[in-house]
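Chains as they are written, first to last, in my numbering: chain E, 88 to 433; chain Z, 88 to 433.
Among these hints, one or two may not hold up.
Identical copies look the same in the list; a pair holds intra-copy or inter-copy alike.
Claimed, not checked - Restricting the straight-line Cα-Cα distance to at most 35 Å, the calculated cross-link-like pairs of lysine-lysine (DSBU-like) are: (1) 243 to 350; (2) 212 to 313; (3) 292 to 227; (4) 193 to 112; (5) 408 to 292; (6) 417 to 241; (7) 313 to 241; (8) 227 to 241; (9) 107 to 180; (10) 193 to 425; (11) 417 to 193; (12) 276 to 112; (13) 112 to 243; (14) 212 to 417; (15) 112 to 211; (16) 135 to 227.
Quick caveat, the hints were computed from the structure, so don't treat them as lab data.
Small disclaimer: the values here were computed from a predicted structure and weren't measured.
There are 2 protein chains.
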Amino acid sequence: MFENKDKGEIGNLGEFGLIKHLQSKISTSNERILKGIGDDASVIELDKGLVLVQSTDMLVENTHFDLSYAPIQHVGYKSVVANVSDILAMNLKPNYLHVSLSFSSKFTLDAVNELYDGILKACKKYEVEIVGGDTSTISKGMVISLGISGIGEKSKVVYRAGANENDLLCVSGDLGGAYMGLQVLEREKRIWSENPSVQPDFSGKDYILQRQLRPEARIDILDVFKSLDVMPTAMIDISDGLSSEILHLSEASQVGFTIYEEKIPIDQVTYQQAIDFNIGPATSALNGGEDYELLFTIAQKDFDKIKNHMDISIIGHATSKNESCQMISKGGSSFALKAQGFNHLN
Amino acid sequence: MFENKDKGEIGNLGEFGLIKHLQSKISTSNERILKGIGDDASVIELDKGLVLVQSTDMLVENTHFDLSYAPIQHVGYKSVVANVSDILAMNLKPNYLHVSLSFSSKFTLDAVNELYDGILKACKKYEVEIVGGDTSTISKGMVISLGISGIGEKSKVVYRAGANENDLLCVSGDLGGAYMGLQVLEREKRIWSENPSVQPDFSGKDYILQRQLRPEARIDILDVFKSLDVMPTAMIDISDGLSSEILHLSEASQVGFTIYEEKIPIDQVTYQQAIDFNIGPATSALNGGEDYELLFTIAQKDFDKIKNHMDISIIGHATSKNESCQMISKGGSSFALKAQGFNHLN
Numbered sequence: 088m089f090e091n092k093d094k095g096e097i098g099n100l101g102e103f104g105l106i107k108h109l110q111s112k113i114s115t116s117n118e119r120i121l122k123g124i125g126d127d128a129s130v131i132e133l134d135k136g137l138v139l140v141q142s143t144d145m146l147v148e149n150t151h152f153d154l155s156y157a158p159i160q161h162v163g164y165k166s167v168v169a170n171v172s173d174i175l176a177m178n179l180k181p182n183y184l185h186v187s188l189s190f191s192s193k194f195t196l197d198a199v200n201e202l203y204d205g206i207l208k209a210c211k212k213y214e215v216e217i218v219g220g221d222t223s224t225i226s227k228g229m230v231i232s233l234g235i236s237g238i239g240e241k242s243k244v245v246y247r248a249g250a251n252e253n254d255l256l257c258v259s260g261d262l263g264g265a266y267m268g269l270q271v272l273e274r275e276k277r278i279w280s281e282n283p284s285v286q287p288d289f290s291g292k293d294y295i296l297q298r299q300l301r302p303e304a305r306i307d308i309l310d311v312f313k314s315l316d317v318m319p320t321a322m323i324d325i326s327d328g329l330s331s332e333i334l335h336l337s338e339a340s341q342v343g344f345t346i347y348e349e350k351i352p353i354d355q356v357t358y359q360q361a362i363d364f365n366i367g368p369a370t371s372a373l374n375g376g377e378d379y380e381l382l383f384t385i386a387q388k389d390f391d392k393i394k395n396h397m398d399i400s401i402i403g404h405a406t407s408k409n410e411s412c413q414m415i416s417k418g419g420s421s422f423a424l425k426a427q428g429f430n431h432l433n
Numbered sequence: 088m089f090e091n092k093d094k095g096e097i098g099n100l101g102e103f104g105l106i107k108h109l110q111s112k113i114s115t116s117n118e119r120i121l122k123g124i125g126d127d128a129s130v131i132e133l134d135k136g137l138v139l140v141q142s143t144d145m146l147v148e149n150t151h152f153d154l155s156y157a158p159i160q161h162v163g164y165k166s167v168v169a170n171v172s173d174i175l176a177m178n179l180k181p182n183y184l185h186v187s188l189s190f191s192s193k194f195t196l197d198a199v200n201e202l203y204d205g206i207l208k209a210c211k212k213y214e215v216e217i218v219g220g221d222t223s224t225i226s227k228g229m230v231i232s233l234g235i236s237g238i239g240e241k242s243k244v245v246y247r248a249g250a251n252e253n254d255l256l257c258v259s260g261d262l263g264g265a266y267m268g269l270q271v272l273e274r275e276k277r278i279w280s281e282n283p284s285v286q287p288d289f290s291g292k293d294y295i296l297q298r299q300l301r302p303e304a305r306i307d308i309l310d311v312f313k314s315l316d317v318m319p320t321a322m323i324d325i326s327d328g329l330s331s332e333i334l335h336l337s338e339a340s341q342v343g344f345t346i347y348e349e350k351i352p353i354d355q356v357t358y359q360q361a362i363d364f365n366i367g368p369a370t371s372a373l374n375g376g377e378d379y380e381l382l383f384t385i386a387q388k389d390f391d392k393i394k395n396h397m398d399i400s401i402i403g404h405a406t407s408k409n410e411s412c413q414m415i416s417k418g419g420s421s422f423a424l425k426a427q428g429f430n431h432l433n
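I would like the entire structure built from these sequences, with the hints used as guidance.
Spelled out as structure tokens, the structure:
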């Protein structure tokens, strides 16, 4: 009855398309809901100028992580980081976590313990408390579902919508590392599967492997905003690649964006690895994902406050609503930005 | 590396054992956390005498539901009901829902739409708003993960802990129906798989099938408490069978319980079906599950207020901490209550 006659039906819609389709069925009427679906987290108004922000993430083995190379403790750590990053993207810090786990009988108690230890380590690091959870079995693989929430000041919340024409587009840290780390791990997995006696070659690649296997969320950037007295006009975290995230900001804020290839921050190890793989280094940033950096816009007047910060790059600016999102290459050509980020529905 | 050498390791712990084991790793220090793991929902203190209650449920195909007989729209509806019921068990009403879905390529867009329509119908019925979500693919089957939350008065919250010696133990509605509905569906599935030309025989079984496939949560009972001016001393919802839930109340409240077989409310259709299957009718209530009724204790002084309510049964009372949980049979014998409810880890 539910067999898929047209295999491409959902695949064609894609993850964003399907979410949009389902979203179209929902109408919210509750006036406490400041933001429902369509941002990194939902925002519910509380009293005394406070809001509740909430987000969920479901991570599926072999869709979102591969235990043939990812240490299970890191999988636990990273799943919390991804969830924490969604709350940070609203310019608030998370407080509470619910953890639901489902795993097949191939997993030992030791494995579940290690996974949980990774989850707990990330909770400690980001000062998040586990307040609920659930466990069950599944016929195959493992699923981790996390629900995170935070309570903070309404006046501090930054949405995807809010960028104005001429605002500067900024990003924390550097991009593309997690994607290049993934490429290295996938290559070594292929080599190993063809010849198990070959030892993997990870020398000099610590940085990109760490970016892929055990990333951190940019909780420090919220403190930077505070100390520099900068309030972003719009923000999103980079989980699906720079291109996708810029398009999300563009759609929510109803502005275009122009970015400059030469301004995209890329670490030397990422850069070299991309060259070795015959991938344009900018491509790893634009189309990769899982960097968990923060992408945000600021008003022009705040340029002086942020221009010298070592860990923030200004990569472009917002243009008028009628202009599309584009990248100006190092050679001066213009390319349209496309949502080629991770599509977990393909 | 994570292969399970001792297949029984996690199975022996069981779902409750594993949750307890993982719980032992967690320590909460945040003073806003009035209740973390160990109740139907977590409780976070807000300002102005309000609290935030949150709960999550992850439902896995073929562990928690079987699409060979459960209409997918009902699966959506029931998953929300189960989640809503957790909040009601805290004596508060839910407000907000996050929905994460993961499904394999066998599912059509029509199937996903039907599932979502069931979710939306339940949201409408229970006045819950969808504020967030996530979709992804999984290699096999379907996983539904829901995160529900509600904001309500701190003074109204009822925990599992709180029952005192001599309190009366009460239950809403009737029990065992969902379990007997499941037995009928499983029998017809077996018959059909042996001989697909045989039409399933569901005549006269509407009630128990509805209890299994499209149950409701007892949001009306919260209004009963209000109108009768009764504040339960402890409460839990019946998702895992009466026996398990009584043991949870016993452990949390540090009291024993004595219940009487003749007092357990069982519908006539459930009763007859149990007899037909050679199952003791009380067993379907004690060891079945998914009834989503509310099990609660009240002080003796409230007996007169509740004794004539048509939809609430007083089935026993709390005893001293030193006494165990037992059922007095119709014949007058005493049986120890055991946690034989649904164990999704076996």
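Hint by hint, here is what the structure shows:
1. In this assembly of identical chains, the alpha carbons of residue 243 and residue 350 lie at most 35 Å apart only when taken from the same copy (28 Å versus 56 Å across copies).
2. In this assembly of identical chains, the alpha carbons of residue 212 and residue 313 lie at most 35 Å apart only when taken from the same copy (20 Å versus 43 Å across copies).
3. In this homomeric assembly, residue 292 and residue 227 come within 35 Å of each other (Cα to Cα) both inside a single copy, at 32 Å, and across copies, at 34 Å.
4. In this assembly of identical chains, residue 193 and residue 112 lie within 35 Å of each other by CA distance solely across copies; the values are 23 Å between and 39 Å within a copy.
5. For the homomeric pair residue 408 and residue 292, neither the shortest alpha-carbon distance inside one copy (41 Å) nor that between copies (60 Å) is at most 35 Å.
6. Proximity of residue 417 and residue 241 under a CA criterion of 35 Å is satisfied in neither setting, with 41 Å inside one chain copy and 59 Å between copies.
7. For the homomeric pair residue 313 and residue 241, the shortest alpha-carbon distances inside one copy (15 Å) and between copies (33 Å) are both at most 35 Å.
8. For the homomeric pair residue 227 and residue 241, neither the shortest alpha-carbon distance inside one copy (42 Å) nor that between copies (41 Å) is at most 35 Å.
9. Taking CA atoms no more than 35 Å apart as the test, residue 107 paired with residue 180 passes in both settings, with 27 Å inside one copy and 28 Å between copies.
10. In this assembly of identical chains, residue 193 and residue 425 lie within 35 Å of each other by CA distance solely across copies; the values are 28 Å between and 40 Å within a copy.
11. With identical chains, the CA atoms of residue 417 and residue 193 are never at most 35 Å apart, being 50 Å at best within one copy and 44 Å at best between copies.
12. Taking the closest pair of Cα atoms, residue 276 and residue 112 come within 35 Å of each other only across two copies (34 Å); inside a single copy the shortest separation is 42 Å, beyond that limit.
13. Taking identical chains as interchangeable, the C-alpha atoms of residue 112 and residue 243 lie at most 35 Å apart whether they share a chain (30 Å) or sit on different chains (34 Å).
14. In the homo-oligomer, the alpha carbons of residue 212 and residue 417 never lie at most 35 Å apart, since the shortest distance is 39 Å inside one protomer and 57 Å across protomers.
15. For the identical chains of this complex, residue 112 and residue 211 are inter-copy neighbours only, at 12 Å across copies versus 38 Å inside a copy, given an alpha-carbon limit of 35 Å.
16. Taking the shortest Cα distances, residue 135 and residue 227 never come within 35 Å of each other, neither inside one copy (47 Å) nor across copies (46 Å).
Taken one by one, the earlier hints fail for this structure at numbers 5, 6, 8, 11, 14 and 16, listed in ascending order.
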